[in-house]
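Trainee: Residue numbers (the working numbering), protein chains in the order written: chain W, 2 to 344; chain G, 3 to 451; chain D, 1089 to 1378.
I should point out that these hints are in silico values taken from the structure, not numbers from a laboratory.
Please note that the accuracy of each hint is not assured.
To be verified - What follows is a set of in silico ranges between Cβ atoms, one per label pair, in the way DEER data are often shown:
{"id": "1", "chain 1": "G", "residue 1": "270", "chain 2": "D", "residue 2": "1241", "range": "45 to 53 Å"}
{"id": "2", "chain 1": "D", "residue 1": "1162", "chain 2": "W", "residue 2": "79", "range": "52 to 60 Å"}
{"id": "3", "chain 1": "G", "residue 1": "184", "chain 2": "W", "residue 2": "81", "range": "16 to 24 Å"}
{"id": "4", "chain 1": "D", "residue 1": "1093", "chain 2": "G", "residue 2": "215", "range": "21 to 29 Å"}
{"id": "5", "chain 1": "W", "residue 1": "101", "chain 2": "G", "residue 2": "184", "range": "41 to 49 Å"}
{"id": "6", "chain 1": "D", "residue 1": "1241", "chain 2": "G", "residue 2": "316", "range": "42 to 50 Å"}
{"id": "7", "chain 1": "D", "residue 1": "1182", "chain 2": "G", "residue 2": "449", "range": "56 to 64 Å"}
{"id": "8", "chain 1": "D", "residue 1": "1217", "chain 2": "G", "residue 2": "75", "range": "23 to 31 Å"}
{"id": "9", "chain 1": "W", "residue 1": "184", "chain 2": "D", "residue 2": "1182", "range": "25 to 33 Å"}
{"id": "10", "chain 1": "G", "residue 1": "440", "chain 2": "D", "residue 2": "1217", "range": "34 to 42 Å"}
{"id": "11", "chain 1": "D", "residue 1": "1094", "chain 2": "W", "residue 2": "157", "range": "58 to 66 Å"}
{"id": "12", "chain 1": "G", "residue 1": "184", "chain 2": "D", "residue 2": "1097", "range": "51 to 59 Å"}
{"id": "13", "chain 1": "W", "residue 1": "81", "chain 2": "G", "residue 2": "344", "range": "52 to 60 Å"}
As the list claims (entries may be wrong) - Dumping the calculated EDC-like pairs for lysine to aspartate or glutamate here, alpha-carbon to alpha-carbon at most 16 Å:
{"id": "14", "chain 1": "G", "residue 1": "290", "chain 2": "G", "residue 2": "450"}
{"id": "15", "chain 1": "G", "residue 1": "194", "chain 2": "G", "residue 2": "164"}
{"id": "16", "chain 1": "G", "residue 1": "290", "chain 2": "D", "residue 2": "1215"}
{"id": "17", "chain 1": "G", "residue 1": "447", "chain 2": "D", "residue 2": "1223"}
{"id": "18", "chain 1": "G", "residue 1": "141", "chain 2": "G", "residue 2": "379"}
{"id": "19", "chain 1": "G", "residue 1": "114", "chain 2": "G", "residue 2": "60"}
{"id": "20", "chain 1": "W", "residue 1": "160", "chain 2": "G", "residue 2": "134"}
{"id": "21", "chain 1": "G", "residue 1": "336", "chain 2": "G", "residue 2": "435"}
{"id": "22", "chain 1": "G", "residue 1": "114", "chain 2": "G", "residue 2": "85"}
{"id": "23", "chain 1": "G", "residue 1": "114", "chain 2": "G", "residue 2": "94"}
{"id": "24", "chain 1": "G", "residue 1": "194", "chain 2": "G", "residue 2": "239"}
{"id": "25", "chain 1": "D", "residue 1": "1252", "chain 2": "D", "residue 2": "1268"}
{"id": "26", "chain 1": "G", "residue 1": "141", "chain 2": "G", "residue 2": "60"}
{"id": "27", "chain 1": "W", "residue 1": "160", "chain 2": "G", "residue 2": "164"}
{"id": "28", "chain 1": "G", "residue 1": "290", "chain 2": "D", "residue 2": "1223"}
Glycine residues also receive a C-beta, built at the ideal position from the N, C-alpha and C atoms.
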Amino acid sequence: MLRNRLPQLALVALVLFLLVFPTLFPEPFLLRTMILVLLWSVLGLAWNIIGGYAGQVSFGHAIFFGLGAYTSTLLLNNWGISPWLGMLGGALVAVIVSAIIGWPSFRLAGHYFAIATIAAGEIFAVLFRNLKWAGGAVGLYLPIVRGDRLVDFQFNESKAMYYYIVLGMLVATALVTYWIERTRMGYYLKAIREDPDAARSLGINVTRYKLYAMVISAALAAMAGTFYAQFVLYVSPKTVFPLALSIQMALVAILGGTGTLAGPIIGAAVLIPMAEYTRVYLAGRVGGLHLVVYGLLIVLISIYQPGGLMALLRNWQHRRRQRKLAQAAPVTAPAGGMGDGSV
Amino acid sequence: MIRRSKLLFTVVSLAVVLAVMVAGCAAPAAPGPAPSAQEETAAQAPAGSEAASEAVNEILVGAIYPLSGSLAATGVDLKNAVELATDIVNNEYDLNLPLAKTAGLPNMGGAKIRLVLGDHEADPEKGAAEAERLINNEKVAALVGSYNSAVTATASQVAEREGVPFLNPESTSPTLTERGFQWFFRTTPYDKLFAENFFQFLDEMKAKGYDVSNVAILNENTLWGTDVATLENQYAEEYGYNVAANIPYEANAADVSSEVQKLKAAGEAVLLQASYVSDAILYMQTYKQLDYAPTAIIAMDAGFVASEFVETLGDDANYILSREVWALDLAESKPIIKAVNDMYKERYGTNMNGNSARAFTGMLVLADAINRAGSTDPAAIQAALMETDIPADQIIMPWKGIRFDPETHQNTLGSGIIVQILDGEYKTVWPFDLASAEIVWPFPKWSER
Amino acid sequence: MSVETTLLVQTLVSGLLIGFVFALISVGLTLIFGVMDIVNFAHGEHLMLAMYFTYWLYTLWGVDPLYAVPVVAGLLFLLGVLTYRLVIRHVLDAPMLAQIFVTFGLMVFLRNLAQLLWSEDFRRIGDTLVTGRLELFGIFIGTPQLVASVGAALTTGALYWFLKNTRTGWALEATAENKEVAGLMGIDPERMFALAWGLALASVGVAGALLATFNPIFPEVGAVFVLVAYVAVALGGFGSVTGAFVAGIIIGVVQVMGGFLWEPRFKTILVYGIYLGIVFIRPQGLFGRR
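Could you build all of it, start to finish, from the sequences and the hints given here?
Mentor: Right, dumping it as structure tokens:
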């Protein structure tokens, strides 16, 4: 009986574990790594909304991350506006920009759209490198505020608060994803992803739904950007706008499984610790090792299992179940759902 | 399909496991508590058990430098220098340098300094991450580094947040000491001083009868280059020189023909350039190719004094002027420079340069402060640093000494020189009374060499 | 000529010189796309590999880059066929997402492998047969750049001739036009695809070997060039060899002249701006067929 409930139990156990993590493992490096895992889960999920569910592969999502970070920082530095409000401001900016970029781009087929996002990403990076009032290449420093008050969105004594905030963001993002998945929007997006022309002929307003997905995705990425700014206390074009960041957002989702809720989270959980530990232990001499492995994994996954780790897991579960069924009723003819041809 | 999935699954899990294993197990001397796998519990006890034996046998100092990445060659120089300084402190040497004649730190029972290295790969974010790791995991008492101004900025920000002293021997961006930080100390003179030096130098050349009225400013557009350009513009106005062109460019360029063309369009001028090594080399090659020969090229150090510069360009590197903080020929007036350089050369195979000399000096200053503090308590070290007063004859730099301004923590006794590359060697040409060679002016045309 | 005119002409010449190299790189990209509707996101990395091979041939065995050109081209041809056989073949009928990810993954893999094996250090090839420069009417032309341009033009010309004047070339074009029909006519699409990849990468091999004579070599070097290639392919019209060639030259000129006339630090924005402009306004490009 308990076995049936296994997935739910596992989920509950996971949630509990996440909640007490900082108490169990207060060691700063570990906590920091975990915060990054959660942050990248958020980013992966955000990317997933447009890249996975809507099927529009974007390699320029760093734009929104960066816009979020810069908006909240500029608002804070110039007008003393609270980073929480700044977060909303950043999301707003991202929504507007994503709509402007997205709307004309949606009619582009997959590859051209992807390249357009790369181009747009690079434009923003160069732009911000050269905008003096936004700090230029130098970047912007956030003032160090002591006191660790929630309203300041800055905690210097312990990183635990950062952890809980990003955990909250993850939960929120997961809920948004879940909502999209289960409602009409998710259904439409799936149709659009599978066959946009058929979807259009069914009366689905393809552009509008892609736009919805795009702006939601952008807003979430931007909020993650604000978090990052408050966490690191420094934003610069090199740290928040690089192509590498866009790539990693896509990577996290692809590895874990696009178009699924758990995929990006799994992807982040695998990718980030590896990246951090590789950097620390192999101290630059084999610095890019984790990316080499990931490049390889992406190639393999694209060929054999585009659904990523999630799909692998599902297949495995499916086969286990089939095997059990087969064991339980060995005399009956093979279940038609196996797809092994006619009998 | 089923078989393939199984294959893929196996491959994927193997790859992941392998990668984690490699990451975890390939750790060389990574002492300290950072776990190699996620199964670590909170029960790690690093040097965090400061309780018992504060009778320290060794003092941990973190050094964050670009050990890999585009500036790896420079990073090696810096690392070597810091290691040499550490060795001099830890052992007995008959040199008139702080802590050389004793083994270890006398005020701490002969305790020795152990360096813990961090690699920032010329990336500000990594620099910050390394600072965090060194402070929180390795429990270093202080940090030294990091060459790139942009990285020093973020790494020292972490130190400021954590309340750990950060000594910066080589970054020259003015902003670094204008942040009101309490834990940041800088020994090297900085770009404000150097930029002004340029114009003092040009004034003196004018006085000698050379015709100089225009300058062209070319700079890479990260923190350092941008700051330099701002200062150069400022002093140009103050000293009455006309800025014929202001050309910021994207660092790590692949092609600079547009930029050089713009320089040519600006006409006769003295070029003031701020570039790191790869760009510096590319520009020189492009100058030669497009036949651009300004009245003079005065570089703000960095790429132009890296060992790669002369190595790659050979004779084409000649006649470049650069501000420098140090030159080997200063040994003629300061024998201790020769002594230290000889040691360096014996161990590492090359002469010292402005970067290694400053890193060396910075490390000694830090060690001296820790010794006077008599403890690894950050606040004690900070207080000791504030009181630093090292005389000119105990350092290998052409400075009047080392004393930190109480507010900005900038060394107020530093100064710069200008060198010229002649026959592949850096010769001091200014101040004229320290010069060891006659300056070649103007920059000879490429066809005339 | 007045100083202004000279500078303008010089800039134009510099732009043309690099434009030819861009053109050659773009031609390879468009060939693959034209034949099988796949964008090779790893194109820049193949260029980077070509440059590194040239560098190692020079550094380890003293082979002058000019002589290395055919060797590297051959190596890259093999690499192209191999890439097709081992990787691309499996995603031909897969959803577009998978096709994008596969070459994208290849890009990540190759770029970081290079960084792992050869470090981030910028490498340069020293003196070669083509070191030096020429002077014509006050215009300076770097010999390596000139040789690279001429080499690129010749290679593209040869490719074009091959496509238009040989049976295999016709077969390739037929496959690009409509692979089912071509298959019915007895043309083996598998061979054509492998050939397309081989030729595309071989041209990148030539470009890389020539570039290596004057360009610094480092793991990310491909990124800069491939972005130009994307733009050129779009500008020229996806699938059109002539288009990609012309577009590459145009972009070279625009980039260098734009940088000179406006601001050098914005020259990349110009190029990307062109891409966006093209795909929004005239998606089929100058010579495109779709």
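Trainee: Does each hint fit the structure? Answer for all of them.
Mentor: Here is what the structure says about each hint:
For the pair residue 270(G) and residue 1241(D), the supplied restraint of 45 to 53 Å is violated, since their beta-carbon distance comes to about 37 Å. Remark: the range hint 52 to 60 Å for residue 1162(D) to residue 79(W) is upheld by a beta-carbon distance near 59 Å. At about 23 Å, the beta-carbon gap between residue 184(G) and residue 81(W) stays in the expected band of 16 to 24 Å. Checked against the given bound of 21 to 29 Å, the beta carbons of residue 1093(D) and residue 215(G), roughly 26 Å apart, stay inside it.
Separation of residue 101(W) from residue 184(G) is about 44 Å and conforms to the stated range, judged on CB atoms against 41 to 49 Å. A beta carbon spacing of about 32 Å between residue 1241(D) and residue 316(G) contradicts the range 42 to 50 Å that was offered as a hint. Taken as a hint, the range 56 to 64 Å holds for the pair residue 1182(D) and residue 449(G), whose Cβ atoms sit roughly 59 Å apart. Between residue 1217(D) and residue 75(G) the Cβ separation comes to about 28 Å, which falls inside the hinted range of 23 to 31 Å.
For residue 184(W) and residue 1182(D), the Cβ-Cβ distance of about 29 Å falls inside the hinted range of 25 to 33 Å, so the restraint holds. About 38 Å separates the C-beta atoms of residue 440(G) and residue 1217(D), a value consistent with the hinted range of 34 to 42 Å. The hinted range of 58 to 66 Å is satisfied by residue 1094(D) and residue 157(W), whose Cβ atoms lie roughly 59 Å apart. In this structure the hint that residue 184(G) and residue 1097(D) lie 51 to 59 Å apart at CB holds, the actual value being about 58 Å.
The given range of 52 to 60 Å is respected by residue 81(W) and residue 344(G), whose C-beta atoms sit roughly 57 Å from each other. Restraint check: the Cα-Cα separation between residue 290(G) and residue 450(G) comes to about 12 Å, which is no more than 16 Å; the hinted pair holds. Proposed proximity of residue 194(G) and residue 164(G) is contradicted: the alpha carbons are some 29 Å apart, above 16 Å. The hinted pair formed by residue 290(G) and residue 1215(D) meets the criterion: a straight-line CA distance of about 14 Å does not exceed 16 Å.
Distance restraint check for residue 447(G) and residue 1223(D): the Cα-Cα separation of roughly 15 Å lies within the 16 Å cut-off, and the hinted pair is therefore satisfied. This hinted pair checks out: residue 141(G) and residue 379(G) have alpha carbons roughly 11 Å apart, not beyond 16 Å. Taken as a hint, the residue 114(G) and residue 60(G) pair is honoured in the structure, with Cα atoms around 5 Å apart against an allowance of 16 Å. Distance check on the hinted pair: residue 160(W) and residue 134(G) sit about 12 Å apart at the alpha-carbon level, within 16 Å; holds.
Between residue 336(G) and residue 435(G) the CA atoms are separated by roughly 14 Å; this keeps the pair inside 16 Å, and the hint holds. Pair hint residue 114(G) plus residue 85(G) holds up; C-alpha atoms about 12 Å apart against a cutoff of 16 Å. Taking the CA atoms of residue 114(G) and residue 94(G), the gap is near 12 Å; set against the 16 Å cutoff, the hint holds. Restraint check for residue 194(G) and residue 239(G): satisfied, since their Cα atoms lie roughly 14 Å apart, inside the 16 Å limit.
Taking the CA atoms of residue 1252(D) and residue 1268(D), the gap is near 21 Å; set against the 16 Å cutoff, the hint is violated. At most 16 Å may separate the alpha-carbon atoms for a hinted pair to count; residue 141(G) and residue 60(G) meet this at roughly 12 Å. With a C-alpha separation of about 12 Å, the suggested pair residue 160(W) and residue 164(G) falls inside the 16 Å cut-off, and the hint holds. A C-alpha spacing of about 12 Å is found between residue 290(G) and residue 1223(D), which places the hinted pair at or below 16 Å, so the restraint holds.
Consistency with the previously given hints fails for numbers 1, 6, 15 and 25, ordered from lowest to highest.
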